[in-house]
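**Student:** Residue numbers (our numbering), protein chains in the order written: chain L, 1 to 421; chain S, 1001 to 1158.
Hints should not be assumed to be uniformly reliable.
If the Cβ cut is set under 8 Å, some of the chain L residues that face chain S in the computed set are [unchecked claim]:
{"no.": "1", "residue": "A352"}
{"no.": "2", "residue": "I356"}
{"no.": "3", "residue": "C357"}
{"no.": "4", "residue": "L361"}
Source of the hints: derived by calculation from the structure; they are not laboratory data. No residue lacks a Cβ here, since even glycine has one placed at the ideal position from N, Cα and C.
Residues per chain, in single letters:
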Amino acid sequence: MAGFILPEGGQEPPSPSDLQHAGSNGKANGNHALVSAVDAQANHLKVGVKESPKRKKASKMAKLKQSKLDARREQWLSQVSGRKSPPSQVSSNGDVSHPCAGETTIDESFPAESTTPSNTSGNGTASKAVSFCTESKGHSNGSGSDSNGHSKDSSNGYHHGGEKPVLRRWQTQPALRSLHDEEAAPKDAATSQAPQQKAQKAKMKKGVRPQEGPESNEGGGDADDWEAAAEALGVVVPESGSETGVASENGSHSHLAGDESGVSTASEGASPRTQNGYLTRRLAPEVPDACARHHHRAGAGGAWRQDDSHRPGTLPRLEKFNSFPVVPHNHTGSMWEATISRTMWGSSAAPATCPICTEELDLTDTSFVPCPCGFRLCLFCHHRIALDDGRCPGCRQAYVKVEKVEKYIQVPRSHLVRLKV
Amino acid sequence: MASRSRLFKEFKEVQRDKKDTDIVLFPDESNIYRWTAYIKGPAETPYDGGTFQLSINVPENYPLTPPVVRCNTKIFHPNVHFKTGEICLDILKTAWSPAWTLQSVCRAVIALLSHPEPDSPLNCDCGNLLRAGDLRGYKSMARMYTKLAASQVKPPSI
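Bound-form chain S, shown alone:
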């Protein structure tokens, strides 16, 4: 029950705080434990201009355990599984803190887009490009997939 009240509180905060235009976060209409987020690709990255849909599954004992975040939009990123959309982010695994909120998770994902970590890749091709130093190749690939998959995504107008 603590998770439910906490999620409701987060929902209120999200509704009240509309300043962050990079993130659109809302829960499922019938299930407070299922959330959907739309994040904008950060500027000066190959993901700029794209909008990526995240699905967030909140466990029962949230916030003691982190939410499960997946990227529903196809994205070329070393830390995002190209097929499943799984996100490899330390704060969603070991570095999770109950002080984090869903919105802060979204922000962390945005930060991850800006700063890929090729040393622990889920997308090995992308990781290899970066580890090989082929920054140009990586950027072009990422930009292409952003244009292909993420440019058409629009968050529902709330």
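So that you can see chain L by itself, here it is in the shape it has in the complex:
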């Protein structure tokens, strides 16, 4: 969740305030939701540190994220200012070499909660609330294999945990998101995820640009599955990890403040997707590998549709290509365009076929107006005429010679060789 902000914000190292916040949350109350949120955050912190050098992100995105970061910081300062937290420990999370350490610290910060601080080896406290169990498992997995560590939200993390840890992040994540969408499981006992879910929704309402995720990830080393990522985003969850992260933290804040009636309760009520779906998915063995997940995703969403409002702006807009400019710029210069409309040939509407050879005019031929009289013909015929007669069939005026170009083309061989190198 927070992972998206932090790694994106990459230039900005995981802010201590974040970490403090995480730690304080953990200490303060044993709410499972909080735990999960913090865990996910830590997880992402770690990943962010790991991947930040790799990433080059667009400055726009950077600004956006930084503004979000600032907003979060303000929130924390206002709410958690007094608390003391183990920031040093959490900061150690950032270290890539010891990913598990961070988790252990966090887990330890919730001793009251059932979470056993068994750290790296699957924390999985099955005895605890289901959601928590999954969460801890995801954590252990993330720590074990870095690739899984960077999941968008904690729920995704669980999935990673449940399945192959070796899968690359971008192969797994979109699929997970789709899963997340499809399995709108009824709310069950594990309401701890509710704040996150709700926050997610809220962010969606905010109309946050959904392509944050894929863009940022393109920069990463895992960009091999770019299409998969884009497709996955076609699925309803347009949330980037950062948003969810913030939201979940907000929810946790409300918990801290003790006003259960606020965001948290509402969110619990509102979120139809609970941990149940994830759990079952995770536990079920029928989703063993990436192939299955891909299949799942294809069934769920498929590629972007042109009219999809969440379609990333970075993807090409086909209508642009289809609507070729009506008045194309011809090679020979647009100065003739004005005169053409007045001429007898009236080439404003280009003929469909070459008047000389009756072959169909392709796009190049259509935009080819070799003579100011506006007589259009295909390039082949023009070439033949230029070689033979040299006069426009329409007006019988000599074509403009293009021999200069031929001279330019004749480059000494040595130059060519140099260019090759």
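On the provided structure of chain L, position chain S as indicated by the hints.
**Tutor:** For chain S alone, coordinates are given in the frame of chain L:
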């Protein structure tokens, strides 16, 4: 091959466009490069009332080179050879443009009948009549030959 497809296209156009009753143009049944045209002598000229058969030989690299047009019907005209039927028309020689079609060539021939060019005669007798200003002599001669040779020519009903 470009000439063949182009000729086929022209054939289609000719078949579709029957409005021009002055010109009947059709290719040889077995050879798309050999065409026959029947043109009506324009009104208010000594050729009025006559129908003149033209034979058109289309070269391989048509339309880059002009077709060879001959008048099979005897005609008294300064720009048509009285014996061979060769037509002296600039657009069939130097002024040819690939944008022209066989039908437009026929139209050009009709226009030539209306506007003889005595300065570049193939029929020197006719040219001399015109250059001498003997318009009456020219007209009577042309009308006579039209009646003699061209009045009986009928285009095949297509």
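**Student:** When the hints from earlier in the document are held up against this structure, which numbers fail?
**Tutor:** 1 and 4
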